[in-house]
Amino acid sequence: INFINGTSNQANDNYMIHPAFTFGDDKLTGIWFGKFESSPKSSCNNATTCNVTTLSPYIKPNTTSWRNVQIATAFTVSQKMETNTEEYGFTGGNIDTHMSKNSEWGSVAYLSQSKYGKYGNSNYDINSKEVTMNSCNSYKTGVATCDDSYDSTNGQKASTTGNITGVYDMSGGSWERVMGGLEEEDTKKPMKSFSGFTDEAGEKQIPDEKYYDLYSGDSAATACSNEVCYGHALSETAGWYGDSNYFSGSSLPWVIRGGSHSDGLNAGVFCYVRTYGDAGNGGDSFRIVLAPIKK
Numbered sequence: 101i102n103f104i105n106g107t108s109n110q111a112n113d114n115y116m117i118h119p120a121f122t123f124g125d126d127k128l129t130g131i132w133f134g135k136f137e138s139s140p141k142s143s144c145n146n147a148t149t150c151n152v153t154t155l156s157p158y159i160k161p162n163t164t165s166w167r168n169v170q171i172a173t174a175f176t177v178s179q180k181m182e183t184n185t186e187e188y189g190f191t192g193g194n195i196d197t198h199m200s201k202n203s204e205w206g207s208v209a210y211l212s213q214s215k216y217g218k219y220g221n222s223n224y225d226i227n228s229k230e231v232t233m234n235s236c237n238s239y240k241t242g243v244a245t246c247d248d249s250y251d252s253t254n255g256q257k258a259s260t261t262g263n264i265t266g267v268y269d270m271s272g273g274s275w276e277r278v279m280g281g282l283e284e285e286d287t288k289k290p291m292k293s294f295s296g297f298t299d300e301a302g303e304k305q306i307p308d309e310k311y312y313d314l315y316s317g318d319s320a321a322t323a324c325s326n327e328v329c330y331g332h333a334l335s336e337t338a339g340w341y342g343d344s345n346y347f348s349g350s351s352l353p354w355v356i357r358g359g360s361h362s363d364g365l366n367a368g369v370f371c372y373v374r375t376y377g378d379a380g381n382g383g384d385s386f387r388i389v390l391a392p393i394k395k
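Numbering (our numbering), first residue to last: 101 to 395.
Warning: the hint list may mix true and false statements.
[To be verified] Below, simulated SDA-like cross-link-like pairs (lysine to any residue); rule was C-alpha separation at most 25 Å, straight line:
id	residue 1	residue 2
1	Lys-141	Ser-238
2	Lys-215	Thr-265
3	Lys-127	Ile-306
4	Lys-304	Ile-117
5	Lys-180	Gly-192
6	Lys-292	Asn-326
7	Lys-141	Gln-179
8	Lys-180	Thr-154
9	Lys-180	Gly-302
10	Lys-180	Thr-261
11	Lys-229	Thr-261
12	Lys-288	Asp-196
13	Lys-160	Ile-131
14	Lys-304	Ile-195
15	Lys-394	Gly-383
16	Lys-180	Asp-126
17	Lys-180	Pro-307
18	Lys-288	Thr-261
19	Lys-215	Asn-112
20	Lys-289	Thr-261
21	Lys-215	Ser-335
22	Lys-288	Thr-265
23	Lys-127	Ser-142
24	Lys-160	Gly-192
25	Lys-141	Gly-383
26	Lys-141	Thr-164
27	Lys-141	Cys-246
28	Lys-160	Asn-112
29	Lys-289	Gln-179
30	Lys-304	Tyr-224
31	Lys-127	Ile-117
32	Lys-127	Lys-141
33	Lys-292	Gly-349
[Claimed, not checked] Listed next, with one range per pair, are the computed distances between beta-carbon atoms:
id	residue 1	residue 2	range
34	Gly-220	Tyr-330	19 to 27 Å
35	Ser-362	Ile-264	21 to 29 Å
36	Asn-223	Ser-319	32 to 40 Å
No lab work stands behind these hints: they were computed from the structure. Idealized CB from N, CA, C, for every residue including glycine.
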């Protein structure tokens, strides 16, 4: 990993700009990645009460992550942080909030193993550089165990930096849906499957292409136009730390990341498997990203 100083957006020495920093026509110098898995402002506990767009998202520690939600619903509520200025306080219109793309997840995963992440944190020896799993079976955010808090010594082991400044819940906790799916040949958009997205105009219409990573074929090694998806933390990092890696297929076209609290060594920031994208699987949450853009 090479880091660029300033705002030149020019890679060098055979390095490339990470795809997370290209957002449509905007070239970004950074993104804001939700520090914790998203939680609903009002509690919900099943697909009937959780898979709705009337709830608002929070990003807070020591809360219960938002699960039982279709990908389309998660995407829609993620945009509320941008549009609801009374609730969240963003003004000026030069931001975009959205559900995390797989490439955006990948950028944080790589950073965890850089000199700025837990790998570069001298408080951890070579046997403890992996981001510690959130093993709390009640889906509590920002912890390593149910008895921790995000600022406790043990809780900080579960952040991507190994201290309080990092991103939490990327290993274990809840599985996390990301905006990354297999291409449908006819539409050249992601396969809808049970995601809740439609081709019709309205709240859950498939969004603009800048909001998702589109993959071809069922091999992670050739999923980006028959090439490696550099920066997406797929084939480049497959099997790191023993994390599960099962890429999408036509029957399960969407990507989920991180693993669950019950997945043990198979969970991790480099873990990915496949899903329908439906609301019935109660273990899947989502993450919100803010991009600074020009309007």
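Results for each hint:
1. Lys-141 <-> Ser-238: With a Cα-Cα distance of about 17 Å, the restraint between Lys-141 and Ser-238 holds, given a limit of 25 Å.
2. Lys-215 <-> Thr-265: This hinted pair holds, its Cα atoms lying about 14 Å apart.
3. Lys-127 <-> Ile-306: holds (23 Å)
4. Lys-304 <-> Ile-117: The given pair, whose Cα atoms are some 31 Å apart, is violated under the 25 Å limit.
5. Lys-180 <-> Gly-192: Distance ~15 Å between Lys-180 and Gly-192 Cα, so the pair holds.
6. Lys-292 <-> Asn-326: It holds: about 22 Å lies between the C-alpha atoms, which stays within 25 Å.
7. Lys-141 <-> Gln-179: holds (15 Å)
8. Lys-180 <-> Thr-154: Satisfied, since the Cα-Cα distance of roughly 10 Å is no more than 25 Å.
9. Lys-180 <-> Gly-302: holds (15 Å)
10. Lys-180 <-> Thr-261: Measuring from Cα to Cα gives roughly 28 Å; hence the hint is violated.
11. Lys-229 <-> Thr-261: holds (9 Å)
12. Lys-288 <-> Asp-196: Holds, because 24 Å separates the two Cα atoms, which is no more than 25 Å.
13. Lys-160 <-> Ile-131: holds (18 Å)
14. Lys-304 <-> Ile-195: holds (21 Å)
15. Lys-394 <-> Gly-383: violated (36 Å)
16. Lys-180 <-> Asp-126: holds (21 Å)
17. Lys-180 <-> Pro-307: holds (15 Å)
18. Lys-288 <-> Thr-261: Violated - the C-alpha atoms of Thr-261 and Lys-288 are around 38 Å apart, more than 25 Å.
19. Lys-215 <-> Asn-112: holds (19 Å)
20. Lys-289 <-> Thr-261: Violated, at roughly 35 Å.
21. Lys-215 <-> Ser-335: OK: Lys-215 and Ser-335 at ~22 Å, within 25 Å.
22. Lys-288 <-> Thr-265: Violated, because 39 Å separates the two Cα atoms, which is more than 25 Å.
23. Lys-127 <-> Ser-142: violated (36 Å)
24. Lys-160 <-> Gly-192: holds (24 Å)
25. Lys-141 <-> Gly-383: holds (18 Å)
26. Lys-141 <-> Thr-164: holds (10 Å)
27. Lys-141 <-> Cys-246: holds (21 Å)
28. Lys-160 <-> Asn-112: violated (37 Å)
29. Lys-289 <-> Gln-179: Between Lys-289 and Gln-179 the Cα gap is close to 20 Å, so the pair holds against 25 Å.
30. Lys-304 <-> Tyr-224: At roughly 44 Å apart (the allowed maximum being 25 Å), Tyr-224 and Lys-304 break the hint.
31. Lys-127 <-> Ile-117: Given that 25 Å is the threshold and the Cα spacing comes to 10 Å, the pair holds.
32. Lys-127 <-> Lys-141: violated (32 Å)
33. Lys-292 <-> Gly-349: holds (13 Å)
34. Gly-220 <-> Tyr-330: 19 to 27 Å: Hint holds: Cβ distance 22 Å, inside 19 to 27 Å.
35. Ser-362 <-> Ile-264: 21 to 29 Å: Check passed, 26 Å falls within 21 to 29 Å.
36. Asn-223 <-> Ser-319: 32 to 40 Å: The hint (32 to 40 Å, Cβ to Cβ) holds, given that Asn-223 and Ser-319 are roughly 38 Å apart.
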